[in-house]
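Peer 1: What follows is each chain in one-letter form.
Number of protein chains: 2
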Amino acid sequence: MPLIDMVKFDEKGLVTAIAQDAATREVLMVAYMNRDTLEETLRTGSMVYWSRSRKKRWRKGETSGHVQALREVRIDCDGDALLFSIDQTGAACHEGYRSCFFRKSDGGSWRTAAEKVVR
Amino acid sequence: MPLIDMVKFDEKGLVTAIAQDAATREVLMVAYMNRDTLEETLRTGSMVYWSRSRKKRWRKGETSGHVQALREVRIDCDGDALLFSIDQTGAACHEGYRSCFFRKSDGGSWRTAAEKVVR
Chain A
0 MPLIDMVKFD
10 EKGLVTAIAQ
20 DAATREVLMV
30 AYMNRDTLEE
40 TLRTGSMVYW
50 SRSRKKRWRK
60 GETSGHVQAL
70 REVRIDCDGD
80 ALLFSIDQTG
90 AACHEGYRSC
100 FFRKSDGGSW
110 RTAAEKVVR
Chain B
0 MPLIDMVKFD
10 EKGLVTAIAQ
20 DAATREVLMV
30 AYMNRDTLEE
40 TLRTGSMVYW
50 SRSRKKRWRK
60 GETSGHVQAL
70 REVRIDCDGD
80 ALLFSIDQTG
90 AACHEGYRSC
100 FFRKSDGGSW
110 RTAAEKVVR
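Residue numbers (numbering that gives the first Met the number 0), protein chains in the order written: chain A, 0 to 118; chain B, 0 to 118.
These are computed hints drawn from the structure, not numbers from a lab. Because the structure is a prediction, the values reported are computed rather than measured.
Taking lysine-lysine and the BS3-like style, the derived pairs with C-alpha atoms no more than 30 Å apart in a straight line are:
#, chain 1, residue 1, chain 2, residue 2
1, B, K103, A, K55
2, A, K115, B, K7
3, B, K55, B, K7
4, B, K55, A, K103
5, A, K54, A, K7
6, A, K11, B, K54
7, A, K103, B, K7
8, B, K55, A, K11
9, A, K7, B, K7
10, A, K7, B, K55
11, A, K54, A, K11
12, A, K11, B, K103
13, A, K103, B, K11
14, A, K103, A, K115
15, A, K115, A, K54
16, B, K54, A, K54
17, A, K7, B, K11
18, A, K55, B, K11
19, B, K103, A, K54
20, A, K11, B, K11
21, B, K103, A, K7
22, A, K7, A, K55
23, A, K54, B, K7
24, A, K55, B, K7
25, B, K54, A, K103
26, B, K54, A, K7
Over the 10 Å line for every Cβ pair with chain B, so calculated as not near, a few chain A residues:
#, residue
27, F8
28, E38
29, R56
30, W57
31, R58
32, E61
33, T62
34, H65
35, A68
36, T88
37, G89
38, E114
39, R118
Ideal Cβ placement from N, Cα and C applies to all residues, glycine included.
Using the sequences plus the hints, can you model the full thing?
Peer 2: So, in structure tokens, the structure goes:
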């Protein structure tokens with residue numbers, strides 16, 4: 000089955016996209032893609048998302064330089080989530096952390112559990 | 000900040016929940032939680048989701064025995080996704096694979112890239 004045909008876009012035309020570090024397997028971020036940005040990602044090998052808040056295409060790193068090079072893509076059993084194995088330059092998180100998941104649960108509240116890699 | 004207060008539930012009252020194998024860091028599945036199932040997960044230490052299709056609470060493994068024991072939870076920078084580090088018994092995927100992401104892109108189509116662990 001052609002790649003795109005198995006993807007189930009939701010009522011807003013979006014699919015969940017998880018970016019995972021190819022080397023360390025750290026989950027770096029979760030974002031969304033529409034058909035166009037998924038096709039552009041697959042064609043160019045550089046991660047391109049759809050920003051739900053700004054309602055626009057967004058090539059990761061186009062302003063920060065923190066690009067994500069695609070290594071491998073997987074799809075889940077029901078076709079509504081994609082898992083991208085990537086090489087991350089710099090920080091995935093706009094707050095300067097390697098991963099957007101830099102806070103962890105600790106005794107009933109959230110604690111920052113990573114060092115910034117970009118300031 | 001109390002755990003639940005930082006979580007941004009969407010217009011349907013749901014938050015994205017990623018389950019990652021605590022030992023191997025393999026991403027096992029993506030599902031959703033509402034406030035009640037998130038609270039139940041945190042209280043019991045066993046992953047409980049909200050099924051969007053069946054519109055009901057769903058404790059992972061309650062029929063299959065393939066439970067997920069919570070080890071750690073992280074939240075992303077904008078609060079709309081949670082990353083759970085878990086110990087998986089058996090298969091996360093209802094199709095019998097360890098991970099729901101058992102298909103990977105290969106030359107323009109999807110190829111099954113894992114062996115079933117449960118039949």
